[in-house]
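A.B. asks: Chain residues, written in single-letter form:
Number of protein chains: 2
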Amino acid sequence: MLERTYDTQTCSIARALEIVGERWTPLILRDTTFSARHFEDLQHRLGIARNVLTERLQRLCDEGMLERRLYQERPDRYEYAATEKARELWPALCALINWGDKYYAPNGPPRLVLHRGCGGNVIAKLGCDSCRTDLTLKDIESRPGPGAKFPM
Amino acid sequence: MLERTYDTQTCSIARALEIVGERWTPLILRDTTFSARHFEDLQHRLGIARNVLTERLQRLCDEGMLERRLYQERPDRYEYAATEKARELWPALCALINWGDKYYAPNGPPRLVLHRGCGGNVIAKLGCDSCRTDLTLKDIESRPGPGAKFPM
Chain A
1 MLERTYDTQT CSIARALEIV GERWTPLILR DTTFSARHFE DLQHRLGIAR
51 NVLTERLQRL CDEGMLERRL YQERPDRYEY AATEKARELW PALCALINWG
101 DKYYAPNGPP RLVLHRGCGG NVIAKLGCDS CRTDLTLKDI ESRPGPGAKF
151 PM
Chain B
153 MLERTYDTQT CSIARALEIV GERWTPLILR DTTFSARHFE DLQHRLGIAR
203 NVLTERLQRL CDEGMLERRL YQERPDRYEY AATEKARELW PALCALINWG
253 DKYYAPNGPP RLVLHRGCGG NVIAKLGCDS CRTDLTLKDI ESRPGPGAKF
303 PM
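From first to last, the protein sequence lines are chains A and B.
Counting from 1, position 134 in the first sequence corresponds to residue 134 in the numbering used here; the numbering is continuous, with no gaps.
Counting from 1, position 62 in the second sequence corresponds to residue 214 in the numbering used here; the numbering is continuous, with no gaps.
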């Protein structure tokens, strides 16, 4: 049973945030997107209590976003690898990086996200799934969809 | 003075989330991106306590993301309009919509985000700022930038 943080909202942003909006979860996804991580490595990177990390990892496993794999026996140690579902969140994380870099990184970007080989910066942008054009907000309209409860 | 929710993290995702990750704030941004909204309209849409909404709106005004405009006198009533800085978060919100629609919208998308005129669905995607190519995760690498505190 999912927590319904935004119970009144029939909205995919609200539903997504109920899964990935919890404190520390976006940073766990950041750290697992490019490579699997050991519990100890994640704990060291995040500097959070072990029970909080355990709870967040369990939630992400339950939601099919992380896969828990035994990498050492006696004592048993586990690593966590992002599934495709988690990796599909990267455009959202990259968009946050772009925005945070622009407005809240007075010493320059803490982390570069680069086009491998080319070296250009990776940016999250909007495009049309049908005609493939890149879009800006003025090209976009929003209206209620089939899953809407009320006119929005 | 900004709250430092993720004090140990030298990371633009962490900084961005300190501003826009608070409960209800992403939904306030969702509702103000395409048009200015009256306080009462926002309160009705979100169904949250007036004091919580007031606090969130004040924070977004302080951060230069919303502009507060008097639209009626006696009694004074205000509307809130997204600034360019807030509108630049739309790729992150659109990415969350795409992901939430795919995984957590069993009755179909609650809200359609469409290419005006064309009618295609708007998707958040990754591209290279230099060569303009569309990218997937396997085309991307991440490494410490000039604002990094430690090797990441």
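Treat the hints with care, since some could be wrong.
To be verified - In silico lysine-lysine, DSSO-like type, Cα no more than 30 Å apart, as pairs:
| # | chain 1 | residue 1 | chain 2 | residue 2 |
| --- | --- | --- | --- | --- |
| 1 | A | K149 | B | K290 |
| 2 | A | K138 | A | K149 |
| 3 | A | K85 | B | K290 |
| 4 | B | K301 | B | K290 |
| 5 | A | K85 | A | K102 |
| 6 | B | K237 | A | K138 |
| 7 | B | K254 | A | K85 |
| 8 | A | K138 | B | K301 |
| 9 | A | K102 | B | K301 |
| 10 | B | K254 | B | K301 |
| 11 | A | K149 | B | K301 |
| 12 | B | K254 | B | K237 |
| 13 | A | K85 | A | K149 |
| 14 | A | K102 | B | K290 |
| 15 | A | K149 | A | K102 |
| 16 | B | K301 | B | K237 |
| 17 | A | K85 | B | K237 |
As the list claims (entries may be wrong) - Label pairs and their in silico Cβ distance ranges:
| # | chain 1 | residue 1 | chain 2 | residue 2 | range |
| --- | --- | --- | --- | --- | --- |
| 18 | B | T206 | A | E73 | 54 to 60 Å |
| 19 | B | E236 | A | P144 | 23 to 29 Å |
| 20 | A | T54 | B | P227 | 27 to 33 Å |
No lab work stands behind these hints, which were simulated from the structure alone.
From the three backbone atoms N, C-alpha and C, an ideal C-beta is built for every residue, glycine too.
A.B. asks: Which numbered hints does this structure break?
C.D. replies: Violated: hints 1, 8, 10, 11, 15, 20.
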